[in-house]
Amino acid sequence: MINKEVRNIADALEGVSNGAVVMVGGFGSVGQPDALIEGLIEQGARDLTVIANNAGSGRVGLAKLMEAGRIRKIICSFPRSAGSVVFEELFRAGKLELEIVPQGTLAERIRAAGAGIPAFYTPTTVGTILAKGKESRSFDGKTYVMEHALHADIALIEAWRTDRLGNCIYRESGRNFNAVMAMGARKTIVQSCGMVELGNLDPEAIVTPGIFVDRIVVVPDTANSDVALEGAV
Amino acid sequence: MTDFKPLSRKELAARIAQDIPEGWYVNLGIGIPTLIADVIPAEKEIILHSENGVLGFGPAPASDKIDPWLINAGKQHVTLRPGGSFFHHADSFAMIRGGHLDLCVLGAFEVSSSGDLANWATSERDNAPAVGGAMDLVAGTRRVWVATEHTTREGLPKLVKACSYPLTAPGVVSRIYTNLAIIEVMNGNFTVKEMIPGITKEILQEYTGAKLLFEEVEYV
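Protein chains in written order, with my numbering: chain A, 1 to 233; chain B, 1 to 220.
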């Protein structure tokens, strides 16, 4: 019997090595798998490269991992936002490397990695400093910049409901980068707000089929505990 | 000195909302553009797109009706209108980059009279530039409008001959809504279409860093 659910955060993160490239889902705090991110502090991996849309806020989740000195480099589209204090401190002190990628290019580079596409052309960044040093090419008289697929060793994502095969659905705007990153990494670890019995997710509505998922750990969403598990579909 | 009262941010948002036709798919940037969602009349069907995977969002919720899972690009809580949908980031930017949106309304640090937009970094060595989805939006949507105060807090012009900040993209802005005027960007020129009551052409020109053309100006 296939069962991708593991008992706890430690089992979920087993094997994440020093220097790993880690995708972290979420947009701001919505859909961000905070328990898995903070679990990396206990787990101990160092020298990480993190791919995420934002660079954390406050002192929880990604910001906490950053503050613990575990992140060497962050690849993101929007590092500076309300409450991104830890990022700003470390970046100013030269303790964090930053690669800025436009949000749509970031999503597509991750999707390309998951879809076996090594590179693609996009009109985004043409005529700007972010296109410097990049190969460009003209198609039908319009200029495009070549962007490479962005691979990762691990994706940490948050899903709303999962079954033991790893099928996932998301909640509202919590889908964001999670469904894309699930495809883009060699190993995908899901922080699930709740497991449902096999067969209880509507096959028409499954967003991430279990083929993209390796491990699941359940971390109930306390803020939404009034939403019944059986109401998954 | 003539007497005029610049539009408030909310009045500016409402003025822009008037000009968006029913049926358009529209992305709203962070800042003043975000406020447009709160002033579109409920009966006017404009479909708002949020880059974090929401189509058909509505105004901000009442404080006791906040849904923690439903936010806009500025990470503020919003509501979903009937017929709304959710999707992931790659699909969201396929809508943007694929030319499916009619309009995006963005904020700006500077706009040039040739339509260059600068709204993501304050220098090439900006400590933490924040590009987000801006470069994808201007590369992909059919029209780019800017919503901004006419000058910086220090009173310096934001509408200029050439941008001094790093560009988000060259030659993309077609119309600018400020707290003083509505300006079309055409053939390398700023052409004033509308001004707020009480302001003069001379004063508006004084607050602007490039020559203004005045053709058939309407006073609102």
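You may find that some hints are simply not true.
[As the list claims (entries may be wrong)] Non-contacting residues of chain B with respect to chain A, defined by C-beta distances greater than 12 Å in every case (computed):
| id | residue |
| --- | --- |
| 1 | Phe4 |
| 2 | Ala17 |
| 3 | Pro21 |
| 4 | Ala42 |
| 5 | Phe86 |
| 6 | His88 |
| 7 | Asp91 |
| 8 | Glu124 |
| 9 | Val131 |
| 10 | Gly155 |
| 11 | Pro157 |
| 12 | Asn179 |
| 13 | Lys193 |
| 14 | Gly198 |
| 15 | Thr200 |
| 16 | Ala210 |
[Unchecked claim] EDC-like mimics (lysine to aspartate or glutamate), calculated; alpha carbons at most 16 Å apart, straight line:
| id | chain 1 | residue 1 | chain 2 | residue 2 |
| --- | --- | --- | --- | --- |
| 17 | B | Lys75 | A | Glu5 |
| 18 | A | Lys187 | A | Glu5 |
| 19 | A | Lys64 | A | Glu99 |
| 20 | B | Lys211 | B | Glu184 |
| 21 | A | Lys132 | B | Glu124 |
| 22 | A | Lys73 | A | Glu89 |
To be clear, the hints were calculated from the coordinates, so they are not data collected in a lab. Just so it is clear, the structure is predicted and the values come from calculations on it, not from any experiment. C-beta: ideal position from N, C-alpha, C; glycine also.
Hint check results:
1. Phe4: At roughly 33 Å from the nearest Cβ of chain A, Phe4(B) sits farther out than 12 Å, so the non-interface label holds.
2. Ala17: holds (23 Å)
3. Pro21: It holds; Pro21(B) is separated from chain A by about 25 Å at its closest Cβ, greater than 12 Å.
4. Ala42: holds (21 Å)
5. Phe86: violated (6 Å)
6. His88: Violated: least Cβ distance 4 Å, not greater than 12 Å.
7. Asp91: violated (9 Å)
8. Glu124: At about 6 Å from chain A, Glu124(B) fails to clear the 12 Å cut-off, so the statement is violated.
9. Val131: violated (5 Å)
10. Gly155: Check passes; 25 Å lies beyond 12 Å.
11. Pro157: holds (22 Å)
12. Asn179: Check passes; 24 Å lies beyond 12 Å.
13. Lys193: holds (27 Å)
14. Gly198: holds (36 Å)
15. Thr200: holds (36 Å)
16. Ala210: Holds, since 19 Å exceeds 12 Å.
17. Lys75(B) - Glu5(A): Measuring from Cα to Cα gives roughly 31 Å; hence the hint is violated.
18. Lys187(A) - Glu5(A): holds (14 Å)
19. Lys64(A) - Glu99(A): Roughly 20 Å between the alpha carbons, so the hint for Lys64(A) and Glu99(A) is violated.
20. Lys211(B) - Glu184(B): Between Lys211(B) and Glu184(B) the Cα gap is close to 13 Å, so the pair holds against 16 Å.
21. Lys132(A) - Glu124(B): Distance of about 12 Å is within 16 Å: holds.
22. Lys73(A) - Glu89(A): holds (14 Å)
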